Amino acid sequence: MNGSDGTVSREKRSRLVTGCQGCRERHLKCRRYMLNHDYKLILYKGDTNTPSCLRCITANIECVRSVNVRFKKFNDGNKELDLTFPEDQTWTESGNITQFYNETQDLIRYYQGKDVSPLNNFLDIHSRVLSISGCYVDNDRAHSKDCTDHELVPQQEQYTVPMSEDVNLSGEPGSGFSAYRDHSEQSTTQASTPISIGILSPAVVGPNDGIESIDNQNMIITLTDREAVLMRNFIEKMALWADISDMQRHFETEVPRRALYQPVLRFAIFAFSSRHINRSTNDDSTESLQYHNKCLQLLIPKLSELNEEINEDILAAIAILRQYEEMDDYDSRCHLIGTTKLLNSISTFGSSGGLGEAAAWLCLRQDIYVSLVSQQPLRMHLENFHNSKTFRNNDDVSWANKMVFLLAKILSYAFSIDQEYNTTHLHEVSYEVDEWSRLKPPTFNPIRFLPQNKQDKRAFPEIWLLSPFHVIALQYYHIAKVVLAVSVQQPKVSGYENLRHGRRIEKIVHDNLLIILGLALSNSAAENTLFTARHALSVWGGVFRDTLEREATLSFLITMENRTGWKAGELINTLKKQWDEDIDM
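Heads up: the sequence shown at position 126 corresponds to 126 in the UniProt record's numbering, and the numbers run straight through without jumps.
If you are wondering where the hints come from, they were derived from the structure by calculation, not from laboratory data. On a predicted model such as this, the values are computed, not experimentally measured, just so you know. Heads up, some of the hints might be wrong.
[Claimed, not checked] Okay, derived cross-link-like pairs now, DSSO-like style, lysine-lysine, Cα gap no bigger than 30 Å in a straight line:
(1) K402 / K389
(2) K409 / K440
(3) K294 / K567
(4) K577 / K440
(5) K294 / K29
(6) K576 / K481
(7) K577 / K507
(8) K440 / K389
(9) K481 / K457
(10) K567 / K237
(11) K454 / K507
(12) K302 / K29
(13) K389 / K237
(14) K576 / K457
(15) K454 / K294
(16) K454 / K481
(17) K409 / K567
(18) K440 / K237
(19) K440 / K481
(20) K302 / K237
(21) K402 / K294
(22) K440 / K402
(23) K577 / K457
(24) K567 / K481
(25) K457 / K567
(26) K294 / K409
(27) K389 / K457
(28) K302 / K454
(29) K409 / K389
(30) K402 / K237
(31) K507 / K389
(32) K409 / K481
(33) K567 / K507
[To be verified] The calculated label-pair distances, taken between Cβ atoms and stated as ranges, are:
(34) N453 / T224: 48 to 54 Å
(35) I300 / K576: 37 to 43 Å
(36) R563 / N453: 41 to 47 Å
(37) I417 / N573: 43 to 49 Å
C-beta: ideal position from N, C-alpha, C; glycine also.
Let the hints inform the model, and build the full structure from the sequences given.
In structure tokens form, the structure reads like this:
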């Protein structure tokens, strides 16, 4: 209804309305959406006449509606209730003759592009539903992803019809089902094979997947040419940085899809990608800063509202902004504080699976970087990861993440205040690191190894590994060995033994740092390893005394900055200063 000031006011919400069953069981705020008169996607909280809630669509589960009705116990003196109708019961007659029409065949013909006039009325009535739906084929059974509200649209009915000659499932041009012929190995079977038609939610069928539904493109925004370039650059190059230890590659596949619906993710991607594309220009701040500010304008209110549900989209957006922040010469670490506070307050992200857990592992690696270069304890609560499937699985990616977690444990103990207490824990974690190295799968072994050879001007060893997550795991392993060597306190010995112990530690640092750099330079597909090597150099780069090693280190940092956009000028100046001081000694 219209208010006195001409604005549209919503009807008073019924006290019986509640969230769907799935959201109530997970103790989440139930949000539903629908299309307005301009076919724009809008949100309603708690309305009854809306389709499935966003969380059920994202989770790909049925959204079961219900009302919060509680029955008060009623004691009636009459124990025998008469449930039969009396003989003089008056029955009302229906006003119109009810007719049922099976539109399955016409619907199939419509999606094949054929003219079906009897279907026009059906499409007019249900155009809004079809605009956010799609159809697919399964030869064995119906796979219905019901995304409609039982109060808005009657429950979908499944039809099984025989294949006829006017139904084309062969994938020929003009076949509406060609994109889905791979859903069943029997799509080219005999003509008697039945098919099933089901309505899919937009979370399952994208705007360009399979059969094009009516006005389906209205669900997502249209990118400009520049925004398309930024999105593609993120997907093809930068998402791999976040997905290095994620077999499902959520930042490459899931984050861009959600970004078409979630502006906070979209602007975070554009800001990070713009910074990366403009890394070789002098003026790289204007465009990326504009997108960064737009993202913050959306992000700050969401984080400020106590009643606002903090979901994995927000966590992923802040993690991307943290990557954007790391590319500066001076790291302010503002977004790192944001991610750690979110993860520490919402402990389920570390073991929730999906994008939430993928973002949590990315944030953990970011926290490891800051802890390493600042020599400060981790901010993140590691117990939030204890229920992760990583520690129960035995695949290579899980082994890589186990090493990431072990390094996080080492840093949390090594830089803590209570050194006597933490020395015991460091010995325990040192044993775990050795066991990880002993029991790791043979797929972590190099497929090619060439040691350092100064005569051939090979400053760092050449080490080829199978996959990027193998590389990052071994880098973290060698960093762990260095941190343990410099952190574990030795018993008091004579002066000479102290000097000898110092030389032994320096050799451990030097040899492991060579391997860390060699892994980064030998595996070009694993760009994350360039960052890890840079972090290690910022802490222990002064250990290099050989001219060849120093020159190769400076060349590595310059190449890394040109390739990734991460600033290395300040680190180069710091290393040169350390080496000059070493010469003066």
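(message) Run through the hints listed earlier and report the numbers of any the structure violates, in increasing order.
(response) 4, 15, 21, 26, 27, 28, 31, 36, 37
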